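Chemist: Chains as they are written, first to last, in the working numbering: chain F, 1 to 110; chain G, 1001 to 1110.
It should be emphasised that the hints constitute simulated quantities derived from the structure, not laboratory data. Just so you know, not all the hints are guaranteed correct.
Said to hold, decoys possible - Derived lysine-lysine pairs resembling DSS-like cross-links, with alpha carbons at most 30 Å apart:
{"#": "1", "chain 1": "G", "residue 1": "K1002", "chain 2": "G", "residue 2": "K1045"}
{"#": "2", "chain 1": "F", "residue 1": "K13", "chain 2": "G", "residue 2": "K1042"}
{"#": "3", "chain 1": "G", "residue 1": "K1079", "chain 2": "G", "residue 2": "K1042"}
{"#": "4", "chain 1": "G", "residue 1": "K1045", "chain 2": "F", "residue 2": "K13"}
{"#": "5", "chain 1": "G", "residue 1": "K1045", "chain 2": "G", "residue 2": "K1079"}
{"#": "6", "chain 1": "G", "residue 1": "K1042", "chain 2": "G", "residue 2": "K1002"}
What the hints assert, rightly or not - Only part of the chain G face toward chain F is listed, based on derived beta-carbon distances under 8 Å:
{"#": "7", "residue": "E1043"}
{"#": "8", "residue": "P1044"}
{"#": "9", "residue": "S1049"}
{"#": "10", "residue": "S1052"}
{"#": "11", "residue": "L1087"}
{"#": "12", "residue": "R1095"}
{"#": "13", "residue": "F1100"}
To be verified - Derived CB-CB ranges, DEER-like:
{"#": "14", "chain 1": "F", "residue 1": "D96", "chain 2": "G", "residue 2": "Q1109", "range": "33 to 39 Å"}
{"#": "15", "chain 1": "G", "residue 1": "A1067", "chain 2": "F", "residue 2": "P61", "range": "33 to 39 Å"}
{"#": "16", "chain 1": "F", "residue 1": "I12", "chain 2": "G", "residue 2": "E1003", "range": "28 to 34 Å"}
{"#": "17", "chain 1": "F", "residue 1": "A38", "chain 2": "G", "residue 2": "P1093", "range": "21 to 27 Å"}
Note that the coordinates shown come from a computational prediction; the quantities given were computed from them, not determined experimentally. Every residue, glycine too, gets a C-beta built ideally from N, C-alpha and C.
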Amino acid sequence: ETGVTQSPTHLIKTRGQQVTLRCSSQSGHNTVSWYQQALGQGPQFIFQYYREEENGRGNFPPRFSGLQFPNYSSELNVNALELDDSALYLCASSNDYEQYFGPGTRLTVT
Amino acid sequence: RKEVEQDPGPFNVPEGATVAFNCTYSNSASQSFFWYRQDCRKEPKLLMSVYSSGNEDGRFTAQLNRASQYISLLIRDSKLSDSATYLCVVNPPGRRALTFGSGTRLQVQP
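Based on the sequences and whatever the hints tell you, model everything.
Modeler: If you want it as structure tokens, here you go:
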């Protein structure tokens, strides 16, 4: 096991609502990255946090935002949910280029 | 053109067979390369990093060809437990985020 945990495991929300997903990184890792994986696709990079600062962002709109805390855990917030936001949300922790994933949160937007 | 391209498969092979996957990437300045394995509805797990000199881990061999911008994964003596989706992953220059291919599905049959 990687030691990366995520909560909740599953979530159902209605279009227009807001959601917060949480991730605890592996002990000793200072970087957390978030990815969105739609069915049948590879994970797509949302953004990365390094020592509490955003350290890169993919092609996702501003309604996707995040935080990293002093203990290096992280949150992903999505506002104004859309049907296309239904996906598996993965966080990965790292200290270098090898990233280790948590089990993911499966979000369904109805 | 996608940044990382893979044949989606599926590759259906008998137990004991040797199977090879290829992957091409578009950014010649990419720095780090990986193969991840993903089981159905689970998170991606790091299978191996890919080094310029090639590397082997048991039945798995990874090769990198920078001139042609492709990465390969060879699996020898396939086991039923090797059935999964194999994701080719590239680290683009200038950031620590990973770019994933869409994955190649392998089904090993008894």
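Chemist: Give a verdict on every hint.
Modeler: Cross-check of the supplied hints:
1. G/K1002 - G/K1045: Measuring from Cα to Cα gives roughly 22 Å; hence the hint holds.
2. F/K13 - G/K1042: holds, 21 Å
3. G/K1079 - G/K1042: holds, 19 Å
4. G/K1045 - F/K13: holds, 28 Å
5. G/K1045 - G/K1079: Cα-Cα ~18 Å, so holds.
6. G/K1042 - G/K1002: holds, 24 Å
7. E1043: At 4 Å from the nearest chain F Cβ, G/E1043 passes the 8 Å test, so the hint holds.
8. P1044: holds, 5 Å
9. S1049: holds, 6 Å
10. S1052: violated, 14 Å
11. L1087: holds, 6 Å
12. R1095: At 4 Å from the nearest chain F Cβ, G/R1095 passes the 8 Å test, so the hint holds.
13. F1100: holds, 3 Å
14. F/D96 - G/Q1109: 33 to 39 Å: holds, 38 Å
15. G/A1067 - F/P61: 33 to 39 Å: holds, 38 Å
16. F/I12 - G/E1003: 28 to 34 Å: holds, 32 Å
17. F/A38 - G/P1093: 21 to 27 Å: holds, 26 Å
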